[in-house]
Amino acid sequence: MSDLIFVPREEYGLLADTLGRLLPEPSSPPKDCKALWADLAQSGALAVGLPEDEGGLDDARAVSVVAEQLGKHGAVSPFVGSSAVVARLLAKLPFAAATADLRARLADGSAVAAVALLSDRPLHVTQAGGKFTLNGARRLVPFGAEADHVLVEGVSSDKSRLLVLAPKSSYRVERAVIGVDGCPYADIVFSDSAVGGEHVLGAGAEAERLWAWCGDAYLATLCADAVGAMTTLVRMTGDYLKVRRQFGAPLSSYQVLQHRFVDMDMALTESRTVAEWAAGLLDADDDRERRQAVATTHFTVMRAATKISQDSVQLHGGIGMAQETAVGRYFKRLLALPLIFGDEDIPLAV
Amino acid sequence: MATLFSPEEDAFRAEVRSFISEKLPADLRDRMLSGGRPTRDDKVVWTRILHQRGWGGYSWPKEFGGPGFTPVQRYIFEDEIWQAGAPEVVPFGMKMVAPVIMKFGTVAQKEYFLPRITSLEHYWCQGYSEPGAGSDLASLKTRAVRDGDHYIVNGQKIWTTEAHEADWIFCLVRTSTQGRKQDGISFLLIDMRTPGITVRPIITFDGSHEINETWFENVRVPVENLVGEEGQGWTCAKYLLEKERLNFGGMGFCKRELARLKRLAAEGALAERRPLDNPLFKARLNALEMRVRAADLTNLRFLRAEQRGEAVGLPAPYLKVLGSHLHQDVLELQMRMLGPDALPVSLAGGGNEPLDAISEYANVAPTYCNYRKTTIYAGSNEIQRNIAAKSLLG
Ligand SMILES: Cc1cc2nc3c(=O)[nH]c(=O)nc-3n(C[C@H](O)[C@H](O)[C@H](O)COP(=O)(O)OP(=O)(O)OC[C@H]3O[C@@H](n4cnc5c(N)ncnc54)[C@H](O)[C@@H]3O)c2cc1C
Numbered sequence: 001m002s003d004l005i006f007v008p009r010e011e012y013g014l015l016a017d018t019l020g021r022l023l024p025e026p027s028s029p030p031k032d033c034k035a036l037w038a039d040l041a042q043s044g045a046l047a048v049g050l051p052e053d054e055g056g057l058d059d060a061r062a063v064s065v066v067a068e069q070l071g072k073h074g075a076v077s078p079f080v081g082s083s084a085v086v087a088r089l090l091a092k093l094p095f096a097a098a099t100a101d102l103r104a105r106l107a108d109g110s111a112v113a114a115v116a117l118l119s120d121r122p123l124h125v126t127q128a129g130g131k132f133t134l135n136g137a138r139r140l141v142p143f144g145a146e147a148d149h150v151l152v153e154g155v156s157s158d159k160s161r162l163l164v165l166a167p168k169s170s171y172r173v174e175r176a177v178i179g180v181d182g183c184p185y186a187d188i189v190f191s192d193s194a195v196g197g198e199h200v201l202g203a204g205a206e207a208e209r210l211w212a213w214c215g216d217a218y219l220a221t222l223c224a225d226a227v228g229a230m231t232t233l234v235r236m237t238g239d240y241l242k243v244r245r246q247f248g249a250p251l252s253s254y255q256v257l258q259h260r261f262v263d264m265d266m267a268l269t270e271s272r273t274v275a276e277w278a279a280g281l282l283d284a285d286d287d288r289e290r291r292q293a294v295a296t297t298h299f300t301v302m303r304a305a306t307k308i309s310q311d312s313v314q315l316h317g318g319i320g321m322a323q324e325t326a327v328g329r330y331f332k333r334l335l336a337l338p339l340i341f342g343d344e345d346i347p348l349a350v
Numbered sequence: 001m002a003t004l005f006s007p008e009e010d011a012f013r014a015e016v017r018s019f020i021s022e023k024l025p026a027d028l029r030d031r032m033l034s035g036g037r038p039t040r041d042d043k044v045v046w047t048r049i050l051h052q053r054g055w056g057g058y059s060w061p062k063e064f065g066g067p068g069f070t071p072v073q074r075y076i077f078e079d080e081i082w083q084a085g086a087p088e089v090v091p092f093g094m095k096m097v098a099p100v101i102m103k104f105g106t107v108a109q110k111e112y113f114l115p116r117i118t119s120l121e122h123y124w125c126q127g128y129s130e131p132g133a134g135s136d137l138a139s140l141k142t143r144a145v146r147d148g149d150h151y152i153v154n155g156q157k158i159w160t161t162e163a164h165e166a167d168w169i170f171c172l173v174r175t176s177t178q179g180r181k182q183d184g185i186s187f188l189l190i191d192m193r194t195p196g197i198t199v200r201p202i203i204t205f206d207g208s209h210e211i212n213e214t215w216f217e218n219v220r221v222p223v224e225n226l227v228g229e230e231g232q233g234w235t236c237a238k239y240l241l242e243k244e245r246l247n248f249g250g251m252g253f254c255k256r257e258l259a260r261l262k263r264l265a266a267e268g269a270l271a272e273r274r275p276l277d278n279p280l281f282k283a284r285l286n287a288l289e290m291r292v293r294a295a296d297l298t299n300l301r302f303l304r305a306e307q308r309g310e311a312v313g314l315p316a317p318y319l320k321v322l323g324s325h326l327h328q329d330v331l332e333l334q335m336r337m338l339g340p341d342a343l344p345v346s347l348a349g350g351g352n353e354p355l356d357a358i359s360e361y362a363n364v365a366p367t368y369c370n371y372r373k374t375t376i377y378a379g380s381n382e383i384q385r386n387i388a389a390k391s392l393l394g
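Taken in sequence, the protein lines are chains V and R.
When you number the first sequence by this note's numbering, it's gap-free, plus one each residue, and the end is 350.
When you number the second sequence by this note's numbering, it's gap-free, plus one each residue, and the end is 394.
What you were told as hints is all true, and nothing was included just to trick you.
In silico lysine-lysine, DSS-like type, Cα no more than 30 Å apart, as pairs:
hint, chain 1, residue 1, chain 2, residue 2
1, R, K262, V, K307
2, R, K238, V, K242
3, R, K282, V, K307
4, V, K242, R, K181
5, V, K242, R, K141
6, V, K307, R, K390
7, V, K242, R, K390
8, V, K168, V, K31
9, V, K307, R, K255
10, R, K62, R, K23
Calculated Cβ distances over 12 Å to all of chain R for the following chain V residues:
hint, residue
11, V7
12, G20
13, L36
14, L57
15, F95
16, G129
17, S156
18, V200
19, R209
20, D263
21, R288
22, E289
Simulated from the structure, these hints should not be mistaken for laboratory data.
Here a beta-carbon is modelled for each residue, glycine too, at the ideal position from N, C-alpha and C.
Construct the entire structure; sequences and hints are all you get.
Rendered as structure tokens:
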């Protein structure tokens with residue numbers, strides 16, 4: 001594609017407008033997850049990352065336009081795992097034709113896929129004949145209890161990696177929790193779970209490459225979501241500074257608050273830059289280039305999210321602490337990034 | 001070699017420490033040391049234990065029934081209390097309204113209220129802020145109109161910490177709209193059981209109920225509950241705010257939470273990730289420890305000056321700003337260190353299980369959220385800096 005980064009395609013504006021109308025106002029309480037999912041499916045938003053002949057724009061940047069709107073409106077959904085990662089991964093594979101059916105269901109919302117991002121527990125895969133047997137666990141899978149498929153990376157007895165899209169029937173949900181960010185998570189367990197070879201999406205070095213792409217795609221899309229959430233916080237805080245009066249003048253007249261607010265907006269501006277850059281490089285052939293863009297985005301967005309969320313509460317004063325104003329909800333949503341992917345020390349340490 | 005504390009002070013510390021280790025209920029201590037927040041009952045139990053030892057009003061002079069600690073003894077006492085995992089004494093009574101009553105109250109007020117504060121028979125809350133009067137406190141509107149030997153109070157207070165658990169509230173009310181805003185304010189003590197008071201909960205975004213709206217509708221308050229003279233409320237308030245901010249500096253909380261952070265790092269599943277071997281994390285931890293040290297010692301230096309009867313620097317605003325940021329930063333580092341382990345805060349479809357039913361880590365992110373309040377309340381940090389700037393630059 002000859003598309004230029006920072007030059008939006010015409011479709012993005014339309015997409016953002018459609019979603020802006022569809023999603024509840026940023027300040028209103030979040031919509032029921034299932035109803036929201038059906039709305040998203042109907043609008044075509046779940047398909048945007050897919051090839052054009054599957055109803056999409058074949059474009060990671062369009063995916064991040066959707067994610068940004070979801071973040072901006074505080075919508076809780078399995079979009080990132082299902083549409084931004086698994087559906088697009090399936091479309092990338094050499095045997096994509098074989099999974100067209102599943103992609104169609106992910107695109108129309110009748111199936112949901114999740115990604116087991118944390119690989120800190122053992123998950124063993126053994127092969128006998130055409131069957132693969134899984135033993136082990138994955139924890140805190142976003143939407144793990146709601147999903148029909150979970151993408152996991154396991155390890156075989158010879159220490160090589162396997163990428164498996166495990167169907168719901170193959171694992172048991174051990175514990176379902178709500179995260180501080182408002183999203184559901186589940187711990188899942190595989191015990192002698194047999195899956196057919198068609199569920200294995202990659203093996204060895206290829207599995208590692210694909211898994212690295214999945215992590216980057218998830219992270220980059222979550223950063224786009226964070227850009228949306230930060231946009232809302234900056235907007236809310238700016239609006240509040242203009243209407244709230246103390247000492248006979250609007251808060252927006254106090255220089256120290258003006259500077260704080262400008263710094264928030266500046267951090268948001270930079271975050272948007274790097275998030276667009278990372279989305280543009282997500283499908284690059286050069287993995288290193290992609291990795292660098294995503295790491296820079298992680299670092300920049302993480303710092304901005306900390307600053308913007310903390311200052312938004314502070315500049316609101318007492319009302320910023322109250323659950324009834326939406327500020328705290330976006331503050332907590334922005335914790336997903338450091339708690340799942342780590343704070344800015346992670347990209348720094350590379 | 002010079003030392004920070006005298007041998008007598010070290011002996012005092014040992015005495016306090018052994019008292020706490022003997023008297024503090026173990027289950028309460030364990031809850032506090034694993035990040036729990038004390039309930040009303042916890043505070044009552046602990047304050048009564050202190051009271052029996054004559055320490056219920058540990059910051060008070062002897063003439064009002066306190067132990068007459070020196071400023072440095074007070075510091076040592078609090079340092080030990082925090083680090084041992086004892087709950088903080090309810091500040092609204094002992095540290096806020098009591099000093100005002102001591103300085104401006106009548107003999108009858110002193111005799112009635114002070115003993116009931118040390119025993120925590122009276123649990124107090126603070127009615128200053130209003131929807132339109134936060135940082136600009138002097139523009140408060142809650143009215144108190146004299147009617148014979150009563151004031152009739154009408155209006156609304158907001159963000160009232162523990163109003164739902166309190167027996168009494170001290171309020172700033174407007175008794176005059178003439179002249180300077182500050183001169184029309186009076187300081188009233190109001191029994192929370194008086195008809196016409198309604199308390200409505202405000203849930204903070206961490207999910208907890210600490211603060212409230214407190215409404216007054218034709219609430220009759222006996223004139224003898226006025227502290228100082230009518231129109232002297234602002235003087236009382238400023239005196240109290242100074243105490244409130246001073247009260248804030250204690251680094252005991254930070255030391256306790258840093259100790260928790262290190263314990264968590266070395267235990268259980270987290271230990272396998274070896275966070276303390278990560279040089280970036282270690283650098284952050286070291287930086288925090290040094291910041292806590294510098295702020296803690298600054299507090300001690302201010303108290304040494306107070307003990308000599310001298311005034312050094314700007315203790316109230318500096319300790320409030322330094323202390324509140326450190327509280328927040330320590331909790332933030334705890335949360336970041338835990339990473340995914342700090343994510344779950346409730347069970348899906350869940351009722352109201354206590355957080356620790358999920359894991360010991362489940363209170364970390366909510367407490368991080370909750371403590372955003374510390375840079376807002378007790379005079380926001382922006383207002384503290386305004387005060388300091390005015391004093392430094394004119
Ligand atoms: C958890 C919690 C507990 C509380 N408990 C109590 C209590 O028990 N009793 C009680 O009376 N009150 C209590 N408060 C209220 C607290 O004192 C006020 O929230 C505080 O004074 C700020 O007022 P505000 O909320 O109206 O914010 P505002 O005054 O509207 O301030 C909003 C923002 O603007 C800034 N700002 C305002 N004016 C200026 C200026 N001139 N220059 C620069 N910056 C400025 C503030 O610093 C803040 O960042 C509590 C608050 C919280 C959050």
